Amino acid sequence: MSPVLAGVLQVLALVVALGLAYRPLGDCMAHVYSSPKHLRVEKWMYKAVGADPNTEMRWPAYLRGVLAFSAASVLFLYLLQRLQGFLPGSLGFSSIDPDQAFNTAASFVANTNWQSYYGEQAMGHVVQTGGLAVQNFVSAAVGIAVAVALVRGFARSRTGELGNFWSDLVRGTVRILIPISVIGALVLVACGVIQNFSGIHPVGQFMGGSQEWNGGAVASQEVIKELGTNGGGYFNANSSHPFENPNGLSNLFEIFLILVIPFALTRTFGRMVGNLRQGYAILGTMGFIWLGFTALMMWTEFSHHGPAFDIAGGAMEGKETRFGIGGSSIFAVATTLTSTGAVNSFHSSFTGFGGGITMLGMQLGEIAPGGTGSGLYGMLIMAVIAVFIAGLMVGRTPEYLGKKIGTREIKLAACYILITPALVLCFTGAAMALPTPADSMTNTGAHGFSEILYAYTSGANNNGSAFAGLNADTQWFNTTIGLAMLLGRFLPMVFVLALAGSLAAQKPVPATAGTLGTHKPLFSGMLVGTILIITGLTYFPALALGPLAEGLAS
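So the sequence shown is numbered by the numbering used here: it starts at 4 and just counts up by one.
Derived by calculation from the structure, the hints in this document are not laboratory data.
Just so you know, these numbers come straight off a predicted model, no measurement behind them.
For glycine and all other residues, C-beta sits at the position ideal for the given N, C-alpha and C.
Heads up, a few of these hints could be off.
[Claimed, not checked] Here are the simulated DSS-like pairs of lysine-lysine, each with C-alpha atoms no more than 30 Å apart in a straight line: (1) K523 <-> K414; (2) K510 <-> K523; (3) K510 <-> K414; (4) K50 <-> K40; (5) K40 <-> K510; (6) K523 <-> K407; (7) K510 <-> K407.
[What the hints assert, rightly or not] Derived DEER-like restraints, expressed as beta-carbon distance ranges: (8) Q124 <-> I392: 47 to 57 Å; (9) A193 <-> V19: 12 to 22 Å; (10) T324 <-> A298: 16 to 26 Å; (11) A9 <-> V512: 47 to 57 Å; (12) D55 <-> L12: 43 to 53 Å; (13) T324 <-> T439: 35 to 45 Å.
Please model the entire structure based on the sequences and the hints provided.
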């Protein structure tokens, strides 16, 4: 079987698997966030934090819940790392330095999972399992909760109430993420992923030196790392490490885990607003972009440019032979079009255009299908922008799902789409202008600039993958990328929840002959165009200095 055919068959297998999971998972999530009943274990959790799950919250109260919980999580994870040297199960590792502890705490709480350290050489079992893995669950649940709050804003009328954050957080964790993760961990263990609490042990002599490996609860962390679109690996090699991703089957299953919740949330959206066709329109937009990026990535990486490429069957530098170009390309697109950031190959070693595709996937806002929750609310914000543009074209007040998109709504949507590019471009410009940050670059020229641009694109968009080659474990990068992750996560949530509150307070507008059919393919096509135009106008100059210049020069 040719490598190209193998890659195409993997895409088809993913489409079939995602299609089978779409309806049951989407309906299940809609039921979870709509049911008035609470499980007994959930009641215990509410009592422990002193929350009343039946109290409805307006958007400022909902936002305060998000920020308070996230701030407490950052503090807890920071202290856990700083005290690691005194904790049992630390494997002899010392406490983490303050700047790196801040960066890691911000990273995992913001669902970014950027790692400027070697996991197997820095973090013991307690920090890995009791700190990082826990944040993988709850940070994903926070993202879904905010998305559900926005959906309620569209579904409700004449009220500013968006539900209860503590109820949404607990339900998302207990009823969705944990059950799927238990099943997924068993599948990964069956595929060969390790799951233990062994210590450090030598494994032999290699190239004149000794090698030491340590075990860990890898399967249980790996599954939520992908399912929650987190991305932080137990080992520095991430999903290219055989302990995390041993073979082609585990690789395909991990890609499925990355995509399944973001895609299924479009069904949840359609079910909760009472119009499944609206969910299908968003699904079609996400699916079209994902398939287009996957095809483009496979084309760039399979294209032959000389004898070395011919012999290898494509651009095999930086890729695992057990996955090949097809499995690596599909994984790279899935992880950068979502907020996952896991890698099974080194994106820095992709072709110039291939590296640019991974960067562009993040710069779209990671909305195709995006992160757990963040993908859906990011796409709905883009839908609001597209409806507004359509209204300007025909001279009509824009409406979406029976809600008028007025001055307040469009200002909030505009702030949402501007904040992340501002963070990326400002921090990149500062890093390139100052003398010290440039010393961390392994490469010069266009590729070196791409290392910096990729790092801040990944941080501000809460992706977490790295272009490799950049030494990010410095005070400058630990601090600035940490700030970019926190601001890029929580500032957009402010605008999302404010928009949700504004929509929920409106009374529904009846559909007329002039109402734009937002459930039709025409609107999906317009939505795709809006996304590409906004991203292109924002990032094209920066991309032209980095991956485009490198690709045209090769």
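Outcome of the hint check:
no.	hint	in the structure
1	K523 <-> K414	holds, 26 Å
2	K510 <-> K523	holds, 24 Å
3	K510 <-> K414	holds, 20 Å
4	K50 <-> K40	holds, 15 Å
5	K40 <-> K510	holds, 28 Å
6	K523 <-> K407	holds, 19 Å
7	K510 <-> K407	holds, 9 Å
8	Q124 <-> I392: 47 to 57 Å	holds, 50 Å
9	A193 <-> V19: 12 to 22 Å	holds, 20 Å
10	T324 <-> A298: 16 to 26 Å	holds, 23 Å
11	A9 <-> V512: 47 to 57 Å	holds, 51 Å
12	D55 <-> L12: 43 to 53 Å	holds, 51 Å
13	T324 <-> T439: 35 to 45 Å	holds, 38 Å
Violated hints for the displayed structure: none, as all numbered hints are satisfied.
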